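Peer 1: In the order they appear, the protein sequences are chains L and Y. So the first sequence is numbered by this note's numbering: it starts at 1 and just counts up by one. So the second sequence is numbered by this note's numbering: it starts at 1001 and just counts up by one.
It is possible that part of the hints are untrue.
[Stated by the list, open to error] Sample of chain Y residues facing chain L (criterion: CB under 8 Å; computed from the structure):
(1) Leu1157
(2) Glu1207
(3) Asp1208
(4) Pro1211
(5) Thr1213
(6) Glu1214
(7) Asp1217
(8) Arg1219
(9) Pro1220
(10) Gly1232
(11) Gly1233
Derived by calculation from the structure, the hints in this document are not laboratory data. In this text the structure is predicted, and so the values were computed from the model without any measurement. Every residue gets a Cβ at the ideal spot worked out from N, C-alpha and C, and that includes glycine.
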Amino acid sequence: MKLRSRLPGTEKLKREKIYVIFLFLGLVLVAFVFITLGNMLYRQTEDFPALIDAATNLVVLKAIGISISMAMASTLIAFFFGVPLAYFLARKDFPGKSIIEGIVDIPLMIPHVIAGIALYGVFMRYGVIGAPLKRLGIVITDAYLGIVIAMLFMCLPYLIDTARAGFKEVDPRLENVARSLGASHWRTFREITFPLAFPSILSGAILSWGRAISEFSAVLILAYHPISAPILIYEKFTSFGLAASRPISVLLISICLVIFILLRMLQKGRK
Amino acid sequence: MERRKIVVLGTLIAITAIVCVTAAAFYASIVGTEQAKTVKVFHAGSLAVPLAEAESQFEALNPNIDVQRESIGSISAVRQITDVGKNGEVLASADYTLIPSMMYPEYADWYVRFATNDIVLAYNPELSMYADEITPENWYEILRRDGVIFAFSNPNLDPCGYRALMVLQLAELHYGDEQIFDDLILDNTGITITKEGEGTYLIKTPEDQKPNTEKVDIRPKSVELVAFVEEGGLDYAFEYRSVAVQHNLAFVDLPEQIDLSKVEYADFYKKVKLETVDRNTKTGKPIVYGITVPKNAQNPELGLEFVRFVIGDAGQEIFADRGQTPIVPAVGSGNLPEELKSLVYVESAKPKPTPTPSPEPTSTSTSTPTPKTPGL
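In isolation and in its complexed conformation, chain L is listed as follows:
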């Protein structure tokens, strides 16, 4: 008793030793990300006028706007089709389930250029899906739709995997109780399961939105135009060098960081 009251700090440290060690190990990775991006942001402060130029340049703003809005569109599509699939995968066991799970995760594994080439082959005007769409007057390649499709392909595993984990955490007994009290399956899903899994689903949606914004290679092949932010940055880098591409990168990172933090705060507020 006496000892503890005399040295509360040390004692606490001893008790939580594992946390201290793990914190330091983890900080290596945090520092890795922080130094990389911090260095870029810091170096941009030396050339502040260029950042202002970028922030007032219509081409740049349009590209960033395209990236953010197309990523939202692809996340919404992933949400609409992905949440039902995630619920199904969380609740049902059936032969061949691992095959479906594997297919969903393929976009995580293949190099993005390959994804772009594959998507182009399917969605170009003579492709399996592109040809019938073209007859309806819908063009995918080098169009807004192309950006959404390339992003959707790359981001859907993040949403589905996270949402499935969220649904798994919801105790099926809760659903059973609700149903035994007379709620329909639909109502149970709407009022019990979905709200309980929502934090995970939201988290998955944020991840998938972030992944969609950052997609470069697949978009490059499927829809170089209209020019989205990563493509503009790459074009600037190859033709004018780092100094020209950095302000746009810094602007994109800053905007995305603000949106990310806001979304995370929203998520916490809900909890």
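Given the coordinates of chain L, work out where chain Y should sit on it, guided by the hints.
Peer 2: Same frame as chain L, now just chain Y:
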């Protein structure tokens, strides 16, 4: 424990073996270079494919000579010799005028024009729309048709792109159809053109070219377009002949008057100029390759030997096979060495072979006083 020892021992043996092999290879390479005489070749990137083949054939004929190629941009290649001070036996440039303008008289006093390239309209015979109808006379009509998508590379990033735009404007003058550039470029992109005095034109390519992608596509490099034409996503793409030939694409062979291949039409080509977004003005001119032996060569006689090979029968065949049309016979200019005179047609002795006043003909920088952040 025993097992661990074996692993350690094995690793040690492996490391020793690697060190020995590396050392032996290193030693062999030193001894090798001491025996073989080297011919150092600085050349433009677009000559990499034919010169690689020329190198292997030349080395097979001359086992004691080692050809070492360095592939960089034409201007950088010249600067390797004039500014960096490297010794080279051969310099081959994608723009022959660089030799007299940047190397005369200190680093070279002759050159040979030995091959040309030109702009063609590449397509896919099976998938490109109206591919069975297209000819050198009607290609611009076909590009105008509904549903046809054509492409060129970004003029701000790739010389093939600005050359394609020059070809389209030259086509207006050549075919006497004032709407070609308007219909194909002005109506579908943010690129502009203004008529200057004396029948010359200035094309300006903004940063955001806003292509109407249902009609025209613009990608950074012309070689990227090849894949899209092969897949059928694009109908027609402006390419160098060498690229089309090396990728086995079919192409429309555009008339000499507009395809930027002939020195004879240099006065016509230069009617079109183009200003890129970073305010560089390019003038239309023939794509003619030049070669010389710099004065600072350590083995000039070997350099001449390689030049003779490149412009000789075997070299001509190599270049013809790869779409870089050889000039037969090659045209020599300046104070030509005796060994070459039998192989080339000697240009009439003018005091200066090319009347190019600018020091850097490929990209004459008209740097404006207002500093503009590149690309922003």
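Peer 1: Can you give the numbers of the hints that this structure goes against, from lowest to highest?
Peer 2: none
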